[in-house]
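Participant: Fit chain B with the ligand to the known structure of chain A by using the hints.
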Amino acid sequence: MLTNMYYYVKSLQYPINIRNRNPKLAKVIISQYGGPDGELAASLRYLSQRFGMPDKKSKAILNDIGTEELAHLEMVGTLVHQLTDGASPEEMEAAGLAPYYTDHGWGVYPQAAAGFPFNAVTLAVKGDPIADLTEDLAAEQKARATYEKLIDLCKDDRDVVDVLKYLREREVVHFQRFGEALNGVQEKLYQRNLYLTGGNNNNCGCNN
Amino acid sequence: MACRNCKNNNQCPCQNHENDSYCGCNGNNAQNSCTQREMLHKIMSLNFAINDLALYLDTHPDDQNAIRMHCEYSEKQIELTAEYQKLYGPLTINFMSDTWDWIDQPWPWERGAY
Ligand SMILES: [Fe+2]
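For the record, the sequence lines run as chains A and B. The numbers in the working numbering rise by one with no breaks, and the one at position 110 of the first sequence is 660. The numbers in the working numbering rise by one with no breaks, and the one at position 21 of the second sequence is 285.
Only chain A is shown next, with the shape it has when bound in the complex:
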């Protein structure tokens, strides 16, 4: 048994072996690394929100999905790496990556497709289980939509599309699980007659 909070397993969640270098695709896929609906935002969102959750199921699901998102972060980084690995500065420039190459070379930097760096403003931690879980449902849909746009843009590379389809599918599963967790929290709040408020505010003045 490992004793750290987290430990590294030397394998991806899903195998990635991209045969054709293509920095153009890396330029857009990087958005799922550090963009507004990317995997870094997802993992930080869930792993931070979990501390404020009221019941067993929601604590567990945020913990476990937040952890899986870290595995997805590694997968997206792997896609960007394999698509740019070995590219010459000229190839990077031809793909529109001259500014990226200037600042980050062949490293993988968390940024959006549009070029702005990762920003924690892209995620929220409200400390209110209804607000947070509702945000998570939207976040999963936005990530799904992003993967669909990426699949359109990458449709000529089957190796890439295969991985993107896998990641898209996981967003659908996460959406389902968050919906179930939200139902559980709502049921719990109904029992306490708190209805759709956050449940941790004792000073609202109402009798509920």
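Don't take each hint at face value.
Said to hold, decoys possible - Taking lysine-lysine and the DSS-like style, the derived pairs with C-alpha atoms no more than 30 Å apart in a straight line are:
no., chain 1, residue 1, chain 2, residue 2
1, A, K705, B, K350
2, B, K350, A, K606
3, B, K340, A, K715
4, A, K606, A, K699
5, A, K609, B, K350
6, A, K574, A, K715
7, A, K560, A, K609
8, A, K577, A, K738
9, A, K609, A, K705
10, A, K715, A, K699
11, A, K715, A, K609
12, A, K577, A, K699
13, A, K715, A, K738
14, A, K676, A, K738
15, B, K350, A, K560
To be verified - Okay, the calculated bits of chain B under chain A, using three or more residues with CB under 8 Å as the criterion:
no., segment
16, 306 to 319
17, 322 to 331
18, 334 to 344
19, 349 to 361
In case anyone wonders, no lab produced these hints; they're calculated from the structure. No experiment lies behind these values; they were computed from the predicted model shown. Glycine is no exception: its CB is placed at the ideal position from the N, C-alpha and C atoms.
Facilitator: Frame of chain A, contents of chain B with the ligand only:
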């Protein structure tokens, strides 16, 4: 059946590749024999199934059938991971060995590692 690329004819301990004639290796990396790749893929599918079942069980903790599946896959995963690490090197840093192979095995993000 041997892989067309790397001609590896070893019986894979995962016993899951009877009909494979192409294992996905690039044929020139001795570290990536059919056996190793296929065994790792089997471990990865077990890890995936365990994780997916865990998410399901987080919100359905009373589903006995899912719990049974989780046990079945976890047992196989532990067994196969131990076997794999003995043959091909560590997947986690707590693997005990006389040599520090952790830095020698390819990293998951490297092309051809899978
Ligand atoms: Fe997700």
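Participant: Looking back at the numbered hints, which does the structure fail to meet, lowest number first?
Facilitator: 1, 2, 4, 5, 8, 9, 13, 18
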